[in-house]
Amino acid sequence: MTMEKYVLIPLLPLIGFCINIWFGRFYQEKAHWISILAVLGSFILSVITFIEVLQGKVINYDLYSWVISGNFKVSIGFLIDQLTAIMLIVVTSVSLLVHIYSVGYMHGDSGYYRFFSYLNLFTFSMLMLVTGNNLMQLYFGWEAVGLCSYFLIGYYFRKQSAADAGKKAFIVNRFGDFGFGIGVFMVFIYLETLHYTDIFANIHTLQGQTINILGFEIGLVTLIALLLFCGAIGKSAQLPLHVWLADAMEGPTPVSALIHAATMVTAGVFLVARFNPLFSMSETAMMVVALTGAITSLFAATIALVQNDIKRIIAYSTVSQLGYMFLACGVGAYGAGIFHLFTHAYFKALLFLGAGSVMHAMAGQLDIQKMGGLRKYMPITFWTFMIASVSIAGIPGLAGFFSKDEILWLAYNAGTVGRIVWVIGTIVAGLTAFYSFRIVFLTFFGKFKGTHEEEHHLHESPSSMTVPLMILAVGAISAGWVGIPPLLGGTNMIGHFLEPVLGHPHVHGTHAEEWMVIAISVVVALGGIFTAAVMYLWAPGIPQLLGRTFRSIYTVLWNKYYVDELYDYTIVRPTKWIGSRILVGVTDGKIIEGIVNGVPKLIAEFGERFRKLQTGFLQHYAMGMAFGLFVILSLVLIFVKQ
Amino acid sequence: MNIPLPDLTPIIPEIIMSIVTCALLTVEVFVKDKTKDFLGIICIGTALAVMYMIPMSQGVTFGGMFISDGYSSYFKFIFLISLILTILISFKFIQREDAEFGEYYSLLMFATAGMMIMASSADLILLYLGLELMALSTYILAGIKRHDTRSNEAALKYFLLGAFSSAILLFGISLTYGLTTSTNIYQIAEHLKQGETSITLLIAMIMIICAFAFKIASAPFHMWAPDVYQGAPTSVTAFFSVGPKAAGFAVIGRVFFIAFESLQMDWTAILIGLAILTMAVGNILAIVQTNMKRMLAYSSIAHAGYALLGIIAGTTEGLNAVMTYLLIYAFMNMGAFAIVILLEKGENIKDYNGLSKSHPLVAAMMLVFMFSLTGIPPTAGFIGKFNIFMAAINAGYTWVVVVAVCFSAISAYYYMRIVMNMFMKPMEAEAKIYPNPANGAALLISLLMVFIIGIMPSVVIGYTFQMFM
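Chains as they are written, first to last, in this note's numbering: chain A, 1 to 642; chain B, 643 to 1111.
Please keep in mind that the hints were generated in silico from the structure rather than gathered at the bench.
Note that the Cβ used here is the ideal one computed from N, Cα and C, for glycine as well.
You may find that some hints are simply not true.
[Claimed, not checked] Ranges of calculated distance between the beta carbons of each label pair, as one might list FRET restraints:
(1) A:D62 with B:P1079: 37 to 43 Å
(2) B:Y828 with A:F617: 40 to 46 Å
(3) A:F178 with B:G712: 45 to 51 Å
(4) A:R581 with B:E1070: 37 to 43 Å
Next comes chain B alone, as it looks inside the complex (with noise of 0.2 Å):
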């Protein structure tokens, strides 16, 4: 019998990094302690290739189920760039977190290489092996720590909690194809097209719809969140609080948009509810923290409420917005994980006391990613809730936006309560900051990007677009 191969441009992205990453895993064990930084650039080198590459693999293969088109790519990009910031900010951070392995890089490449499959699949099983590979390295790498419990409770909670949300994604899934007999996201919403809506398939879609909840920590599914951005290493986190959600709204936009594209009321319903209850509880949450990481894991909840109003407003401006929005979500978050890793001690909100008197630099760095991350122009972050907004108010929804403008002035208080700390309190302990290159260009890349994207925002968002869509 002769099966002939299927065409592989599409995948080579996915293909590069999965090779690589299996040479670095055997490579590793040769490599000295002292010079595994050579790891990194290597991984930060293939990750620039495979964004060079991206736009030239367009296409369809694997019979249908693998997709290689504008949106996946651009949501590639993102994942990308999340990862090589991600490196950026990791070289010296964990090896003073004692948590150099080899593997540590192989598996952010995993976690990312399943997230690009994720975008791409235009089916039900593929999306799940991609979601797959991404959570089995992401629960790794939360308890890559291995002598801190902190960091093996973060790994067992977030290790149990997703296997719970990929049961109910699988039951979803096996409903869906028991009512349309395709796991095919286009086969399906031609199934549906015909008009046929049962409750069972209300079901299947709900149990989609909070299995995908709980990747981009939405309420109430969201509580797996702060624990395990608490326990897993600060570089982690930043990755975690970036690229996972990112993957997650990729899988949203392309499940509902097209397979549930028939009850679109009935998702929108759906999640205005959990867009509400997520901002609610991430803002109201954020506000009593007192760990840095923890008010950050709140606040990537709340980011995600925002994100959710461009779903929700159902049109490709809104979807639009959203994309722009977790790339500029990509880099003010990183640029404050940044921060925070650049401190000898950042976990704490009054570790930032007086930060402006020893560190003026730092300081003002800072100032300027809770800026952005609170909205205020002329920063990047301002332009990302104005786009969702904007959507949202044109596709009808202007009482969610009035909602969600609410609760992002709520957000205001707790960022610029880090603000205010780092100016107006008095020094309490002289800060200790370890400044290294690599960590310095992942800041400088995050700080150009929120001013650029903020003082020029349709100049970049056009060229992103055109480079990837």
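This is chain A alone, in the form it adopts within the complex (with noise of 0.2 Å):
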């Protein structure tokens, strides 16, 4: 065992949750000053790590095995390439600010040692995940960190909707999980190896298989790819699995930035940017993954115009950014998408931290339609909350323009999937200009809305909150300046980085075309931004008009397509009717009780029986064992034939 710095990275969290959960309560105050600490440390040696791999080594070793059983082997190991190092850096980033974020936000709640200890936990558990050299680890931390946003979403549980909330995304992610858990079978049963490096060195031999399902013969390269993404579907809420995301918000608002926004829920992304050489085997695979994504992220924009829940808006940004990943990956420009998810990351969270921030100073209101003006009262929550919504409406120069034109560009010229999902691609741009800044507008311009004790309590947020805030906004503007592309002057540093492990897609596009989709772009964000500065900020008439014209659309809009009416329709109250009606009452009630209550009953009657054996005479006792011994010898004598 090769103790390096590397396995630090997820154990100092670790260590943090472990102090934490045992000793926080006896100085409840402070915890955040050990969980703080142990994430530092993670995001110094992540630097290091990056730099390392900036180098270009490539980190590939089992740190020790836990079981090992034939060919099945479970081990601990560490494969530290480009795709992870950027997935470390954005992960300890990110969980260093929210953290930081949290000892303001969190202040005075009193399960403060608790969330702490739960925040690292979810950084261990995420870290474990991407630094993974196998399967079962991602496993792992798969299902780890879906535990801990169950803890999470449903931390203030004493509030029914929370609890539900956290219910729903757990239950919703068995969904996928369950036709992940046999994909990662399926690839031990036809690979024997749940290493990395083995699946890809052998991948080739699944080519040309076909399994047979009720009779349709499926490649097995495809099913495999499919099943490993329902996990991806479930974890990175997208069509139709979408439905927890929103409801997660019910958790306190940093870990809606750093789970639901940020990591977590990029980890279908980075699943199906880690198995590329898989999914690029199947055109099947490739093209269900690129429509769900721009189905979902064309779904979920249009949901997003018109909530008035401020973090449920960004919610369903979320989802239908996370659309545009797996469009990007759909399309074979995993190293895009894997763009999009870094300068996401900054930019979401901060978007989520500026509303956090707003909901404090709000005395945690949540409807933009009772803000208002609150430019004045919390300059840098606004400035910092802005440049995050320039940056995700694609404007030329922060961060989220140069990623989304990747993926724009790259899909342009991936074929005729390709141009259906650029075309869907480039509407969705512009109802997130729209959306967004219709934030914007509703929330920071124009007069209070509230009431005049709200108005009195408006107060800029402490700098524990808007420190991370500032420093977000450094990376919602320059995170996307390591991928600005040739055309724009610069190299594309990200995409050459990472193209080792992703790949990068040809391209035979001309200059020409490639000024056109930019333009395009261009012209449909500022097209949003500025019907949203004419709804909202000039003729504010016009949204309740629309409202009323379009009565049907808007009401199905606002009801987020009756998918939650449809799912409970369908599936939560058949499987409560079967619940309550035939589970409790007659597996459960006969069946199951008996057989729960009849099995100990009957053992203890027959261990009563038996005890009655014991009892405690030494003659008795010779007996037995002389017995046993005569009962030996007969049962031998008489089945072994001399």
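Starting from the two chains in their separate frames, assemble the complex, guided by the hints.
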């Protein structure tokens, strides 16, 4: 076992978790020190590791094997290549900032130390997920982040809606993870290994193999890819399993920023990118990924247009942007997908934390219709939020523009499917700009629409919250500069950096076409912002007019396409009905109760009888031994024919 | 006549153990009551020194009667571990129990020396000698609380039944000698390989099996165990549940894998029957117990049943799994007993009600040991069971493993009941604990090992195998 510093990257947060969860109650208000120091340590080590990877070092080794049995080997190991290095930076930097932000945001909460220990546990799990060199460890991290997400969504567990949202997230993810689990099993069955390097080295042997399911011949590669993608759909809240993410906003805002925007929900994209050799082998799987991403991004963006809950709008925006990343992966532009993941982490975390800062000032108010004019009360929050919105809208020069443009350009070049998703992506870009600025205009501009009492309370947040905002704002501006395309005078550093792992799709479009793609997306983004300005700044009557004119469309969007209701009628209610009538009544009441109570009862009764043999009399014991010897001897003599 | 002195290197650990113990017995008279802990510390020091020496004293001596190889070394390591842990949990406890006689430590040492001789004996006569050295010491240990009738009863029962089993063993040995003209395990194997089997040989083997089954408390030869475990002082019970059991497995491995190798088909069949019966009796009867020590007695019976699976597998993998299992079992069982000793009243299961409220740390540790005994990852108990079951499956005994897993599931009931009592039941009376550094050290060692083996098994197991084998 070689201990190297990479081990410490996930280990430090784990140590922080252990200390805080055990001893946190003794120093309540100081719990954040340990957590922050742990994550800071991870962050510094991640930066060092990143620099090493930048110099061309790729680390792949098994720390130790937990269980070895034949081919089956469960090991803890680390694969730190270019992809992991980027993820390490994203996870540790955002986590560090969110930790610091939480000092102010969670101040005075009764479960202060509990909150920080969960954040640490989450960071550990996420780091295990991205650093693992085998599917088993990925699966461990995958489930562990899900568990932490459950803990943190339901953090205010005394609130019914929060507890429900936690359960919803967990249960909805079960659907995806079921497929994912089967995918992992199939990888092991057909390739007899769970290590990435071995999987990718042998993956070509699966080419052309088919498997018969209900009479359909399905390509093995396609099937495994789609099963793994099932997990990604659940974790990254893509259609049709997107329903949990909006409800997950019941958790504290720092959690939304860290888990439900920057890191955990991007695990799905990481999975697809990590398994790019597998996905690239199946056109069908690629198409499914691309279309799922594209449709989800459009779907979520349209819902975001009409919502009033600030966090939910950003949540739908996250779903939409995750769709963008899948869209990129689906057209083979894995590098662009990861690039977008990287930039998105900063501007989206910033949006959430900004929203948190607003909520902090508004005493928990979430409805943007009841805000307005906050610009002058909280300038730092306003400016940073503005930067994030400009970035996500795709205005040239800021982070969001470069990654979004890269995706759109590569999609444009990727055949028929690519053209379709390019069109969808461009539309979504416009919608994104619109709803992002709708928040900005309704929240920070105009007149304050809340009560006087609320207005009296308005204040800028403490520096522990505003400093992370400013740092993230730097990220939201500059994160994209690592991927400036050659056309605009850059070298697309991140693309080349990731190329050894993710490859780079062949581009055959002309410069003129690239200019056109850029121009269209910029025009669309500006159009979105302009429309928002018209509707919410200059002519505030228009939204209501539109709402009345297109009442049916508005209602559908307001109700998020009734997907929750659909699930309620088709899945939740039948399940509950079956649960209460059949399971509780018959299966549980009669069969399981019968078994659960019956078997121990039977055993206990059996035990009581048996116990009588244990009389305490020495003679009986000696008799027992003699009898035992006698029985064994007789049995052997009877069965052994001499 | 000039008789050359045999090579003493392989037996030096046993010699040192014996000399130190005899010295302790004589010195003990002059030691004041207040300073008797000192004797225990000497014992621990000796045990550590011997442990250090074991890997260096390998070889065969006394005309092939005594063999010190990797196999025996590993078992000696387990015996010494259990000896050290026992002494650690004994210090203050035997004062509390009013059983602090100087011979207490000497007897533990003698019993351990006996086990070490058992593990190293390549001759049935020497094996018997070691076995009796161990057994006689343990009989006295069981009755060391001279004024306690239960303790006396335990000692007497243990002695009489033990004598009974010794008689069976000697009968088996003499029959074997009559058939093969040797008591040397390797010569017996040579002889039997020539293909001569007879009913008498089978009878001899069955008698040896039954005697060994008594030592590991396998049903139907287990009946002494609950009474003795309950009657003996708790620290002694902890020792009984680990040391002699491991010694029993050590000789089973040596005798059946080598001497009776050619009869593998027959003893496997018998052991399968014994293993299933043992698991059934241990687990089912553990459920109805209300006394903690009795429950742990039945639990240790059940664990002997699981461990037998590794012997049944009949492969090196199986044997290694048994050895690993016994090492793990030593830590988790000693840990559980250390908690029982830590509490003023830990004898009844209902004493544990609401323990998490009065002593959260104690309850949390007990939880870990209970999880480990049940076999839940990431504790060591899981690894132990996993290895054993895997070895049995690889050897083709899948159905036995299925049975074992079912019983293992049943065992969750009584282990988790303790956990439930500690964490979910209301507190009846504030539990009083007697913490002391020695007991704390034993707890800490057990706890750490349960986690370390559970989390990085291949590292620890690999290391111990490398050290001693």
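To see whether the hints hold, each was checked on the structure:
1. A:D62 with B:P1079: 37 to 43 Å: Given about 39 Å between the Cβ atoms, the range holds.
2. B:Y828 with A:F617: 40 to 46 Å: Since B:Y828 and A:F617 have Cβ atoms about 42 Å apart, the given range 40 to 46 Å holds.
3. A:F178 with B:G712: 45 to 51 Å: holds, 47 Å
4. A:R581 with B:E1070: 37 to 43 Å: holds, 41 Å
Checked against the numbered hints above, the structure violates none of them.
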